[in-house]
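Start from chain F and add chain B according to the hints.
Listed below, chain by chain, are the residues.
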Amino acid sequence: MASLQEPWLLENGNLKGCSKEIRHGRTAHNMSSSSLRKKSDLTLVSKVRFVMLRQFLTNLQEVILGTKLSVLFPAIPLAIAAECYGFGRPWIFALSLLGLTPLAERVSFLTEQIAYYTGATVGGLLNATCGNATELIIAIFALSQNKIDVVKYSLLGSVLSNLLLVLGTSLFCGGIANLRREQKYDRRQADVNSLLLLLALLCHSLPLLFRMSGASAALTADPTLQLSRASSIVMLIAYISYLVFQLFTHRQLFEAQEESEDGDGISEEEPVIGFWSGFIWLVGMTAVISLLSEYVVETIEDASDSWGISVSFISIILLPIVGNAAEHAGAIIFAFKNKLDISLGVALGSATQISMFVVPLCIVVAWIMGIKMDLNFNLLETGSLALSIIAVAFTLQDGTSHYMKGLVLLLLYIVIGACFFVSKMPLSNGGIDTIVGV
Amino acid sequence: MESAGELSYMENGESNKSLMGKETCNNNGGVIRTAQNRSSSFMRKKSDPMLVSTVRFQMLRQFLSNLQEVILGTKLAVLFPAIPLAIAADCYKFGRPWIFALSLLGLTPLAERVSFLTEQIAYYTGPTVGGLLNATCGNATELIIALFALYQNKILVLKYSLMGSVLSNLLLVLGTSLLCGGLANLKKEQRYDRKQADVNSGLLLLGLLCHMLPLMFRYAAQPSGISIAKSTLELSRASSVVMLVAYIGYIIFQLKTHRQIFDAQGDGEDEDEEKAVIGFWSGFSWLVGMTLVIALLSEYVVGTVEAASETWGISISFISIILIPIVGNAAEHAGAIIFAFKNKLDISLGVALGSATQISMFAVPLCVVVGWIMRIPMDLDFSLLETGCLALTILVVAFTLQDGTSHYMKGVVLCLCYIAISACFFVHKIPAPLDQTIVNLELNSA
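Listed in order, the protein sequences are those of chains F and B.
If you're matching positions, the first sequence starts at 1 in UniProt numbering and goes up one per residue.
If you're matching positions, the second sequence starts at 1 in UniProt numbering and goes up one per residue.
Derived by calculation from the structure, the hints in this document are not laboratory data.
These numbers come from a predicted model, not from an experiment.
For glycine and all other residues, C-beta sits at the position ideal for the given N, C-alpha and C.
Please note: incorrect hints may appear among the correct ones.
Straight-line Cα separation of at most 20 Å, EDC-like style, residue types lysine to aspartate or glutamate; simulated pairs [claimed, not checked]: (1) 195(B) / 403(B); (2) 187(B) / 403(B); (3) 256(B) / 198(B); (4) 429(B) / 222(F); (5) 93(B) / 403(B); (6) 337(F) / 222(F); (7) 424(F) / 341(F); (8) 188(B) / 301(F); (9) 184(F) / 403(B); (10) 188(B) / 346(B); (11) 195(B) / 346(B); (12) 195(B) / 398(F).
Here are some, though not all, of the chain F residues that point toward chain B, as calculated from beta-carbon distances under 10 Å [to be verified]: (13) 129; (14) 191; (15) 192; (16) 203; (17) 205; (18) 210; (19) 222; (20) 235; (21) 253; (22) 378; (23) 393.
Next comes chain F alone, as it looks inside the complex (with noise of 0.2 Å):
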């Protein structure tokens, strides 16, 4: 395989720990999304003869053809035709849609090359905040527009089906391929997380139960507004301090098992691009994404029109199903193995950083745009989330598992996404007084 060592090797010379260390730097949410590529091959391109464009083809094939999402990259050129051309605001829409979900498991691809070079602890951060990227950007797009509700059901969503969608799937393929099997898993690690998911709820329930016992809307607006810009600051607090227990002193218990696949072939120590391509990439596949989410973020009222579901359905149940696509087949594939550690830190881990980490920083930059976002969800999402965790903190206590456990929170999500198909509530830009009288 030299040709597949000149490249990295032209750029970077010595490879920085090619060692055991990298493997820290695999989290769960690596590996899963892993398990989506394929190994490229080089027949092909080394027929070319020139070096350099060999090099250049080689480096295209790995990044985009390396995924057997590829097949929707025709998405994205066609998204920005249509949005050139003006065809159908809702054909805009389904497209950025569907070049989304390539570009998410591309950029997780070239986060985890990344962290090849930087060593694991640095690969650790630059996974948790560039993990949920493309919830992120969509988050932060629709809060330019003054969007809030957009933001906050697609936040809503995007931890409700890591919670529910995600691992309900997980634990049902799982227990049914594992039939006659015992399914263990680390408790401390979903204790951990689930903790945090609680204090996130109360700092979203806070700011409700302060609007829905006071006087008036007007009233107690502001208070609402500074309650939840300091709840943002102690949560910002407590996802640091995660990331402290997570990557320095309590690592053992967050390591993605290490027994050796068999022969899945994934389990390449070397990464297979450069820093400075990988890194060149990542650059450009947020750009594109952030193209993609400003159409989406644009074209959203218009879908919801035409297809006639309502802007909360679309927000919190088809969203996020699209931008987690990747990690959710990577989760079933890896709870089919009966390895539920990793599922469960892909699932729970993508939803403690969305709560903990993207809600919070979405409200700091609304203050800093002088934007008025606070955490107050409404009754009818603040609820769900109080069940979704619940539900979920109580299932995964006791470290073993069964199909009926994913059964369960696959239901629980199938009767949340009911409840919002039929729930039409107006969509307002003031963000502020869509109380559910009490």
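Frame of chain F; chain B shown alone:
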């Protein structure tokens, strides 16, 4: 320490001394020292009898050594001068916020001394009565403040201060203990017996149910406009009786049938004085005296809370829920942290959870019953925001403690929950006049 021995001998005769000898020098004696007593014992310091032994007259000497034991026997004694200052401020009409602050400062060492005196008396009365004494007087400060607020018809201050005590014990004391213990013992495994935590969580959930029923009852009856204030009151009084029955059951469980779950860990401590340092009657009279002073200062506190709130610009709910409990719990708090440092989590948990259970299952229903007798309409409806905070707190704590191990992350989360709740009450400004029954006001405006 011959003066101490003489004192107790002179007051109690021979029989008691032998009783002391038998009961206190074996295992049973160790049981008297509940978690609460042991935690506040860190605030004590050994009395130095050298100075006193130079005084010539024997009675005077005994009196002075008694005084030294009781007044100067704690590191918090530096705050004692706040008591006469508070009384002077009230008599000479200094600013009312000053009276409030000085009374709060004076209450801190008094609470610790009452716990010390209770422990000393328990040496003479045996473990069971000692445990009962501790169970009732352990949170004497909070109880007395609550009764005064009830008497002055400031029901909101009463509800807020009791709820703030529960929240402070469950989140602040427990959180800082787990955090400091986790940081100090990073490489060690920290375990505790989860059965004690489970019993306390069960009782707290019962208390939560009794609080939520009147609240939901009120919201359910709102649309139809029926006045349900009377029914809510009756429901609250019945629930209070239920909670008191549960508390009595808990005491029987803790002191008689399942004592082994609650025994403070019996390894040799370096403060292992098994003998009382003051006599029974002197301890008793000191206890009565200190309770009277606590009552006086509590009256000042309750009387001046509005003035302090207006002058300092902080809402009354913040003062009642956050400031007053921190002061009242200071000694236990410090003790719980020190025991967590030494990786003796059972004691820290016993202090924090035991106090929370005592307040929510004993002090609160007792106030409702006393209000019943005094014909004051105090009910268990603590309004939506407070009950919601209580529910989420109990949920988080029950979940945190259910696996029997600990690390610093648990402490971090609990402390941050407390900070979020404090922020909530910091921005929460309830309407000013407290002397009316605000329950009716809320019913009308909601």
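* To do: Check each numbered hint from earlier against the structure, then list the numbers of those it violates in ascending order.
  => 5, 6, 7, 8, 13, 22
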